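Novice: If you want the building blocks of each chain, they are given just below.
There are 2 protein chains.
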Amino acid sequence: MSVDERRPTKVKRLPREVRERQILDAAVRVFSEHGYHNASMDEISDVAGVSKPMIYAYLGHKEDLFAACIRREASMLIEAIAAGVEAELPPDMQLWHGLRAFFRFVGAQKESWRVLHRQATSQGGPFSEELLAMRDRAIALVDALLVRSATSRGMDEAATKSTEALAAALVGASESLADWWLDHPEVPDKVVAGWLMNLVWMGFGDLVDGHVWTPATPTAG
Amino acid sequence: MSVDERRPTKVKRLPREVRERQILDAAVRVFSEHGYHNASMDEISDVAGVSKPMIYAYLGHKEDLFAACIRREASMLIEAIAAGVEAELPPDMQLWHGLRAFFRFVGAQKESWRVLHRQATSQGGPFSEELLAMRDRAIALVDALLVRSATSRGMDEAATKSTEALAAALVGASESLADWWLDHPEVPDKVVAGWLMNLVWMGFGDLVDGHVWTPATPTAG
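Keeping their order, the protein sequence lines are chains A and B.
Position 110 of the first sequence, counted from 1, bears residue number 110 in the UniProt record's numbering, the numbering being contiguous throughout.
Position 144 of the second sequence, counted from 1, bears residue number 144 in the UniProt record's numbering, the numbering being contiguous throughout.
Do not take every clue at face value.
Same chains, same names: a pair is fine if it fits in one copy or spans any two.
[Unchecked claim] Listed below are the simulated DMTMM-like cross-link pairs for lysine to aspartate or glutamate, each with C-alpha atoms no more than 25 Å apart in a straight line: (1) 190 <-> 179; (2) 52 <-> 86; (3) 110 <-> 164; (4) 52 <-> 143; (5) 110 <-> 189; (6) 110 <-> 129; (7) 62 <-> 206; (8) 190 <-> 63; (9) 190 <-> 20; (10) 52 <-> 179; (11) 110 <-> 46.
Rather than coming from a laboratory, the hints here were simulated on the basis of the structure.
All of these numbers come straight from a predicted model, not from anything done at the bench.
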């Protein structure tokens, strides 16, 4: 306390990871609001309460900072989905929890999703690479779920060969639906997740006949 | 004949639309091979057999030319899908023909797909706008199919409300699977289309139980 009183104007020293988190939080917000090109390091510095030289020293210039945002947000998203999927659940419930986690993340962190997906896609270049690496991790996660599910039901090799392709299709469907959802925020996250779950679990064939999928227990959602 | 003989070095006069097609064909090929940044107008001019000043006069500079490529390829793709879908067929066969047309187009014109999707996505900027407009047309096409199918089966309003969202999911699934397929060209187009058809028509629930969808007539594929 007495030390602080002797240096009243000095910014309090914080561990590097705390500073980095402050910077990244601010950067996601500013990139999301203004887009990559119009976002200024001055505003990120203001919002973060961290000087520009310190931002440069910790996370580099604007392009590095944007790439760091994509990496962090992607990791958080993948972790949220992986945490939602429990291997001992039946396959439909695993898929349901994974989809729920995905749409909950997108819904709770719309800014993240904007940075992660729309901004990174529309910027192109090195950011698309970060995005593709993230997609590959998501596809591998879904693929593992499908393989577990298929082999536990005794599906043959020809059928399981297609799991990676179907995982890619499912990841694409989730991304595309999340983009649609950004423009239709009035739909609750659980409803959006339920639509996709029904599409990929029941299929249109059952849906047009009025057969829908519901979670195994009423409180599972 | 005698006129041509008197002007042997002059390039033969062709209607403007023929020249434009030559230029666009060449541009798609060169953009697809080298990527937007590394593609040179000199090479496009060489491949097209059309002078650079004429390319500039007809289709503008590199950015305009790339946008024109996306617009043309997107229109061809949408027309191929729309032609595949016949309103008097049952909904599953409409969807099947639409998916077949999509994967046949991507398979036959891998260069187009590369330009349309991968290149345009990784370039970002104005090209993403062209791409988004194309996606919106594709989503509207699928949505119309689902609404027709749903209302003909007497689905209620709540269910039909979700058709646009499901159409967006299906378009995203198709794009993502087509990207996966570019890296797995050994899989026949009909097989890839069949995987997606089964996913979205039967759903994983039926698939893991071994129930698969097949076209109504053996020769329909």
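Novice: Next step is simple, just say for each hint if it's right about the structure.
Specialist: Going down the list of hints, with the structure as the test:
1. Proximity of residue 190 to residue 179 under the C-alpha cut-off of 25 Å is restricted to the intra-copy arrangement: shortest distance 16 Å within a copy versus 29 Å between copies.
2. In this homomeric assembly, residue 52 and residue 86 never come within 25 Å of each other (Cα to Cα): the closest approach is 43 Å inside a single copy and 60 Å across copies.
3. Taking the closest pair of Cα atoms, residue 110 and residue 164 come within 25 Å of each other only across two copies (20 Å); inside a single copy the shortest separation is 28 Å, beyond that limit.
4. Taking the closest pair of Cα atoms, residue 52 and residue 143 never come within 25 Å of each other, the shortest separation being 42 Å inside a single copy and 48 Å across copies.
5. Proximity of residue 110 and residue 189 under a CA criterion of 25 Å is satisfied intra-copy only: 12 Å inside one chain copy versus 36 Å between copies.
6. Within a single copy, residue 110 and residue 129 get their C-alpha atoms as close as 21 Å, and across copies as close as 21 Å, so both meet the 25 Å cut-off.
7. In this assembly of identical chains, the alpha carbons of residue 62 and residue 206 never lie at most 25 Å apart, being 49 Å within a copy and 48 Å across copies at closest.
8. In this assembly of identical chains, residue 190 and residue 63 lie within 25 Å of each other by CA distance neither inside one copy nor across copies; the values are 35 Å within and 42 Å between.
9. Taking identical chains as interchangeable, the C-alpha atoms of residue 190 and residue 20 are never at most 25 Å apart, the minima being 33 Å within one chain and 49 Å between chains.
10. For the identical chains of this complex, residue 52 and residue 179 are neighbours neither inside a copy (33 Å) nor across copies (40 Å), given an alpha-carbon limit of 25 Å.
11. In this assembly of identical chains, residue 110 and residue 46 lie within 25 Å of each other by CA distance solely inside one copy; the values are 22 Å within and 47 Å between copies.
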